[in-house]
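Novice: Now for the letters of each chain:
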Amino acid sequence: MSNPTDLLYDTVRAAGVDFFTSVPCKLLGDFITRLSADGTVAYTPVSREEEAVGIMAGAFMAGRRPALVMQNSGFGNSINAVLSLLNYYRIPALFLISHRGSEGEFIEAQKLMGNAIGDLLRVAGVACHDIPHPGALEQVSQGIADAWRDQRPAAFLFPFSFWTGKE
Amino acid sequence: MKRFEAIGIIADRAGAIPVVCTLGHTCQELFKTADRPTNFYMLGSMGMASSIGLGIALSRPGKVVAIDGDAAVTMNMGSLATIGHAQPADLILVILDNQANGATGFQPSMSARSLRLDQVARGCGIAAVSRVGDPAGLATAMNTAMNTAGPHVIVVDVETGVMPGLQIIPMGPADIRNRFMDALK
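If you're matching them up, the sequences are chains A and B in order. So the first sequence is residues 1 to 167, counted in my numbering. So the second sequence is residues 168 to 352, counted in my numbering.
So here's chain B without its partners, still in its complex pose:
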């Protein structure tokens, strides 16, 4: 499964709930696939997507999706410990695992050799963890996460590579923030 296919399924199943997205090509693929006011495009601060999602989940009622990358989660692995500790029932963390640092030239990430983030999540006390590698599996996992109490972590094995024809997201930080905050009200 290509990453943008996975992003399309996640956005489809998320519907109108907030989606926080990690930086780089992942953000650009979400923008191109399913731009909507409930998307927050995190354009810097690599590693923070799961934390932003956690902050939203602890602040308001209703589900929230954080789309993260395997290398970004590795940078902020303490976030999994905090999610396990805080047990936010509404948080759905989707980790797109392409076994690479895509934005910097597809250097292999630690999950290419040894790291299993689904096992790390379980070890942090998160019970609802799944690992999927095809569109049907991802759709099923998203449906479960949308309809049952979490926190949920879904690790998605995706191919390396990027969607053709991507562009820099043509929105400034104030536009991204204000549109997102209005959508959350």
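So here's chain A without its partners, still in its complex pose:
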């Protein structure tokens, strides 16, 4: 049976995403390793999340279908650009987010942002999808299609349960 990383990777690629940026994350580490080795996609690591919002906007306007791979803690760094660039110009950038601070979190400091992330995404006008286990990956395919149809950004939250199989 495939592991959660490969199932997610294949889902996102099959949905047509062909341009990736990333900020490091342990839960998404294997995903990022696969990205670096995949010669069929454009990929660049970035310094922090807001920068990736700009890069995704450029990539989209140049005909690509971009995504950022990141931890939820970094979303706070990007909110102005999410609103005044992605939502202002209606750019359907995607956020693939490991949900730190969710059930199973071992670092207390992650929990506040972990609890706030859903509300922050909604306030920032980003469609928010919780993906609790790999069996729910169909919601990712649908959410990506909706984002491109509506020309709006979308986020997908992958909590510890997605990666460990423990809910």
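Hints are computed from structural coordinates only; laboratory data are not their basis. If you're wondering where the values come from, they're calculated on a predicted model, not measured in any experiment. Do not take every clue at face value.
Unchecked claim - Partner residues aside, some chain A positions facing chain B, computed with beta carbon under 8 Å:
1) S47
2) I55
3) G58
4) M113
Quick reminder that beta carbons are idealized off the backbone N, C-alpha and C, glycines included.
Fit chain B to the known structure of chain A by using the hints.
Specialist: Relative to the frame of chain A, chain B by itself:
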């Protein structure tokens, strides 16, 4: 050299390639000097112009110019690190350095005292970096950047102040985006 003079030279040398422009008076000066479908006017998201340019350069063949300001680059200095890492051969980043935060009342920026963005760019691993302060120097630097592999960073020392008779850009976001995307096809 006044900033709008620099913008005129950049637009002239860029010709029909995409130009992404940072917000505020810089955008308005580009609009007034050389409006064209290949211009992307970034009206919010201060700091993102170099990143948008990078995203375009990594996505399609052909040169792209990003016009940025010194204080805006300072807000997103990680972008220089990413450009140095990604080495996009087609990206030309022009930083107009007026040593001030123009849009908010010309408060001195960090380059007025200590910051040297050309040195930061070099430290980020960008080899083709130049610093110019007159029209002939800028024209030469743009010609080099248009005709050789980059990434290129050109820091342009310009006077503070704005072009007389500027107006708010009379285009909505959908118009700006769609016209630009059509021009890139």
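Novice: Please go over all the hints and tell whether each is borne out by the structure.
Specialist: To see whether the hints hold, each was checked on the structure:
For S47/A, the interface hint holds, the least distance from its beta-carbon to any beta-carbon of chain B being 3 Å, beneath 8 Å. Interface restraint check: I55/A against chain B, minimum CB-CB distance 4 Å, threshold 8 Å, status holds. Among the interface hints, the one on G58/A holds; its C-beta lies about 3 Å from the nearest C-beta in chain B, closer than the 8 Å criterion. Below 8 Å, beta-carbon pairs count as interface contacts, and M113/A has none with chain B, the closest being about 20 Å; its hint is therefore violated.
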